[in-house]
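Novice: Given next are the chains, with one letter for each unit.
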Amino acid sequence: MAGSGSAHLRPRDEVLLRVEDLVVEFPAGRGRTVRAVSGVSFDLARSETLGIVGESGCGKSSAARALVQLPPPRSGSVRLDGLELTALRGEALRRTRRRLQMIFQDPISSLNPRRRVREIVEEGPRVWDLPGDRVDEVLEAVGLDPRAAAVRRPHEFSGGQCQRISIARALVLDPEVVICDEPVSALDVSVQAQILGLLEDLKERYRLTLVFIAHDLAVVKNVSDRIMVMYLGKVCELAPSAELISAPAHPYTRALIASIPGGGPDLPPAGTLISGEPPSPVDPPSGCRFRTRCPRAGARCASEEPQIRQVGEDHWLACHYPTDSR
Amino acid sequence: MRRRPGPDSQATGVLGRTRPGSRSAAGVLGRMGPGFWAAAGWIALVLLAAVLADVLPLARYDETLAGPPRSGPSAAHPFGTDGLGRDVLSRVVHGARVSLGVGVGAVLLGLGIGAPLGILAGYRRRAADTVIMAVNDVAQAFPALVFALAVVAFAGANLRNVLIVLGVLGVPSWVRLVRGATLTYAEREFVLAARVLGARDRRILWREIVPNVAVPAASYAFIGMAVVVVAEGGLAFLGLSVQAPTPTWGGLINEGRTLLETAPHVVLAPSLVMFLTVLSFNLVGDRLRALTDVRESGLEPVREAGAAPLPSAPHEVRAGCLLQAEDLRTHLVTPRGVVRAVDGVSFTLERGRTLAVVGESGSGKSMLIRSILGLLPGSSVRGGHVYLSGDDLTARTPAEMRSVLGPRLGTVFQDPMTALNPVRTIGTQVTEPLRVHLRMGRRQARAEAARLLASVGIPDPERMLRRYPHQLSGGMRQRVTIAMALSCGPDVLFADEPTTALDVTVQDQVLRLLHRLREERDMAMVLVSHDLSLVARWADEVIVMYAGKVVERGPAAEVFARPRMPYTEALLRAAPRLSDPVHHRLSVIPGRPPDLADLPPGCAFQPRCPYAEDRCAREAPPLTGSYACWYPLDEVVVEGADSRGR
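Residue numbers (this note's numbering), protein chains in the order written: chain Y, 1048 to 1373; chain C, 70 to 715.
No lab work stands behind these hints: they were computed from the structure. Be a bit skeptical, because a hint or two may be false.
[As the list claims (entries may be wrong)] To give an idea of the interface, some chain C residues facing chain Y are shown, with a C-beta separation under 7 Å as derived from the structure:
1) 249
2) 252
3) 256
4) 259
5) 264
6) 270
7) 274
8) 279
9) 280
10) 312
11) 575
12) 577
13) 647
[As the list claims (entries may be wrong)] Here's a subset of chain C near chain Y, in silico, CB distances under 10 Å, partners left out:
14) 138
15) 272
16) 539
17) 543
18) 580
19) 642
20) 653
21) 660
C-beta: ideal position from N, C-alpha, C; glycine also.
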């Protein structure tokens, strides 16, 4: 798995966001670099939700931040409605910000503790010199009382409510694409259900296109039209959500599903599908990056990196020896 | 990556839910305590006196023979007179002008130069940071006092020079402080969010960063003033500050030196005023620093709680039972009232069984474990009993508990990184309980530790013993804490969210390991988790907690397949499952968990319960049989719940 290629991208005029061969690098000390994202491509049609799932260190959050150019990727292309974002700098890049918004994992750290909730949500219109008449509307849309928001600060709200504030802040500028980076991971089950339901409502109401990043496959399946599985900075598998869960072809996807208690009743036990822990991204394995944990790995996996290829209708895979589960 | 609220932050969750105005300016200042107010009052008094020195009804500071020389305190001269018969009070008040003037001025000068540099270094990072901090380090290595003496001696001892020298000397510390504070906030997600909104750098600095840096800076400003007042006093004492006849505190002390035997008040008065002022500056600065913790935990650090003042009902102690909790209660005494974190929990656990405690944050599940182990915050009171093989643990003193924790009760917590000491090797940490509890020798303990690490699936255990926690992956670290928990062969293993901080594929490995070890060693296990599917897979029995109480209990398969309490049902329906269709609407539990310090009357779940009737708001349902509910669900089969069972 863990392969490269862009065969799975759809024609440019059909998609709103097109990401091609994205590479994100960070310094890792002593002159070394970590390739957090290594040649990842994906696209989003208008009003679609793409789920990105993977374990820690798979590069999903780094990819999300590279989409909004914070920081810009090392190389690769991010096109929003035909506009190449990676070529823009300074003011020209800033002008695109309204169209692409983000929601973060930690509801506490993503809100400035010293500002009132209404000021936080109002920040967008202030930055853009817009009238603030949408502020009350979005506060109500996310289920917050605008009067309470006017006087209170974030710490007076619970985690779930803080996440609603973050969502309101992202929506007040009427963006086209919203990137949700683990938006419900820090929340309790009952609150998580509220926020997932809210995101679905808002998606419909404001015709949003969503990138939904999470480590929890069940959560991702709940909201996504298509799911992309990542491992150590590479794409493993991409398929419509129902198909990915019912007919996973990549050994890593299968292991991921089987690891969830009660997750894959038809799959063998997770212990036989995966072993060990992810290797360090500073020094990834050659060839297929999953091969060190894969029971199916052969000699070819070490020498040759698998390319993404089609295995079914809109079902894409990067693996030399996939399982044919159908 | 993902992290669930741990015991401490969880308690904040309990206590911290919607506290209207609790941290408003007035609320915060009200909690500063009398010491703060006395100090602030003294500073205000000295400041006011200094400003109004000319209009106050005082003798002129340079008027000689205003009274008899060297006379002690009297009605006309409250601080007495000095060798030339000048009024000491007047001189101290005028001296305050110089001392405080230099104090405030030098701090503002240091702040004015240091803060922009610090913010620039912390916010811009990269080259700006490297250059500024390199220069700063060199500046900080300069012998400050020598520099001050040299400059003042060379350029002339006057107010302006003293102020500039002391101000400039403070710059490096300001740069360091402001840079550090900026760094912490510049990496917060709200700064990223402001960028995503399209805010320009200047707006981000003023709106997002400066307000957060302001509080630590204000705190440091007061401490800085104390330092400068002392430094100015030192210079003045050496005659290197403002020259006579203008009085300064240091100068007054110097002048009075010769009169120490005949008229000690001449030295004592300025000394005392200076001492009190410096003390006050430090105190105010210190208290302001406490404000920086925007979210203070509601709990004090863990202490071993001894007393059990809550009365308990008569009950039967079951002789054959390994672990028995009887009406266990833990109440935390907080400024907001009594928080009933654990409120009457009873259960029994046999060898070879796993009991799961499920609930959302704030349900009291972690506090229940701490109550059993006797590891409670000092502000808590505990009631009820815990019996380990019929032996009442609640009757033990903290010292006596120590012989039980480890040898008989083992613990594994959520975050293996905080459970391990980062500066000690794995070997030292794993052998420690063996040497303390089992009194093994060094070599024997080392061999046993290697055997333990091998038994939890760690490859090459001999080499692992020489490593440090940060060199291990999260899964390996958790295996090490499991090995430590098992080292003395406990009867019961408590695992509090043991896999929540781990990746999914590693979670499964660790749970499998725990399950295998439980069987091999014929232990009992108490598994605390928020994850229902995990509990359904690995537990034999389950208790569901809500607002500190058990609302449902029974065999895991039974409870999850046919929940009787509406809360259990709601929890099951709220959790997304892989078998659900895409875009499936999860049922939502309306509202939020209750405030444990202010529980609703009757059943605590009643305000959120779709089946609630009038009775639920009047009377709390007792736990009869397997559930605590007046209107239990009949044999409702939750769709898909069966497939979660083992």
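Novice: All the hints need checking, so say for each whether the structure fits it.
Specialist: Verification of the supplied hints:
no., hint, result
1, 249, "violated (17 Å)"
2, 252, "violated (14 Å)"
3, 256, "violated (9 Å)"
4, 259, "holds (5 Å)"
5, 264, "holds (6 Å)"
6, 270, "violated (10 Å)"
7, 274, "violated (13 Å)"
8, 279, "violated (9 Å)"
9, 280, "holds (4 Å)"
10, 312, "violated (45 Å)"
11, 575, "holds (6 Å)"
12, 577, "holds (4 Å)"
13, 647, "holds (5 Å)"
14, 138, "violated (56 Å)"
15, 272, "holds (7 Å)"
16, 539, "violated (13 Å)"
17, 543, "holds (8 Å)"
18, 580, "holds (8 Å)"
19, 642, "holds (8 Å)"
20, 653, "holds (6 Å)"
21, 660, "holds (9 Å)"
In summary, the numbered hints that this structure violates are 1, 2, 3, 6, 7, 8, 10, 14 and 16.
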